[in-house]
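Student: Given only the sequences and the hints, what does the whole structure look like? Please build it.
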Amino acid sequence: MVSYNDFSSQKKISSIIKHLKDGKTISLISDAGTPLVSDPGHELVSQVISEKIKVESIPGPSSVISGLITSGFKNNKFIFEGFLPKKSSELKSLLSKCNYETKTIVFFESPYRIKKTLKVMRDVLGENRRISIAREMTKMHETILRGTIEELNHIADVDLNLTRGEIVIVLEGSDKRDDEFDNKLDYLYSALSNDLSLKQFSKVFSKISKQSAKEIYNKYKE
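As numbered in my numbering, residues 9 to 230 make up the sequence shown, in order.
It should be emphasised that the hints constitute simulated quantities derived from the structure, not laboratory data. Every residue, glycine too, gets a C-beta built ideally from N, C-alpha and C. Hints may be right or wrong, so weigh each one.
Claimed, not checked - Taking CB as the label site, the calculated pair distances span:
hint, residue 1, residue 2, range
1, Lys-229, His-27, 52 to 58 Å
2, Ser-104, Glu-223, 21 to 27 Å
3, Asp-203, Asp-131, 27 to 33 Å
4, Lys-60, Ser-11, 22 to 28 Å
5, His-27, Lys-85, 27 to 33 Å
6, Lys-229, Pro-67, 40 to 46 Å
7, Glu-51, Gly-134, 38 to 44 Å
To be verified - Capping the alpha-carbon separation at 20 Å, the derived lysine to aspartate or glutamate pairs in EDC-like fashion look like this:
hint, residue 1, residue 2
8, Lys-111, Glu-89
9, Lys-207, Asp-194
10, Lys-100, Asp-194
Tutor: In structure tokens, the structure reads:
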């Protein structure tokens, strides 16, 4: 057994590749979860592939998928964002982009920051957006909490267990896109057509419209 992490040297990667070329079989194993999913290994696997060496994946527990399917939210389409930013400004910026996202979004978060993160989520996304918090997935102390952002803020204030273990946050997709906004598209296109190309206009306003970028583009193209 040898250790491998994000700080492993190129010398170690080269040594592993040499063993593989010599016919050895090597397994990359994580102490929890799935390797490469917010976990070390990408650089190693990338270089192994570039050497035309076969790479196989053996399915195992994944907190991303486990958190998603136990949330109760739509899972036919979802986004995985990995660990949330540590800096408040970057966190607010990322969450602001989720305001009109209709797909379910999955995040990782540190138990040491969960209380602060939930307060920022309330400020940016509002009290009533629904979330699920899955802690210690597939382990002895697995806990799943579901409710509005406001409800889970109250729970976080009193439940000390949320400051322990590995945490997955699942954010339900937004339903803020509405017909009232779509009725203003004609005016907006008229007002902004000199400043934005139709492609840019379609891409930007599809984020807060019920229509896709393609539908908006086709509506206004000559």
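Student: All hints, please: hold or fail.
Tutor: Now the hints, each set against the structure:
Hint check: Lys-229 to His-27, Cβ distance near 57 Å, so the stated range 52 to 58 Å holds. About 24 Å separates the C-beta atoms of Ser-104 and Glu-223, a value consistent with the hinted range of 21 to 27 Å. Taking the beta carbon of each, Asp-203 and Asp-131 are about 31 Å apart, inside 27 to 33 Å as hinted. For the pair Lys-60 and Ser-11, the supplied restraint of 22 to 28 Å holds, since their beta-carbon distance comes to about 26 Å.
At roughly 40 Å, the beta carbons of His-27 and Lys-85 sit outside the given window of 27 to 33 Å. Taking 40 to 46 Å as the suggested C-beta distance range, the pair Lys-229 and Pro-67 conforms, at roughly 44 Å. Distance hint check for Glu-51 and Gly-134: the Cβ-Cβ separation is about 39 Å, which falls inside the suggested range of 38 to 44 Å. Simply put, Lys-111 and Glu-89 have alpha-carbon atoms about 12 Å apart, close enough for the 20 Å limit, and the pair holds.
A threshold of 20 Å between alpha carbons decides the hint, and for Lys-207 with Asp-194 the separation of about 15 Å falls inside it, so the pair holds. Distance restraint check for Lys-100 and Asp-194: the Cα-Cα separation of roughly 31 Å exceeds the 20 Å cut-off, and the hinted pair is therefore not satisfied.
The earlier numbered hints that this structure contradicts are 5 and 10.
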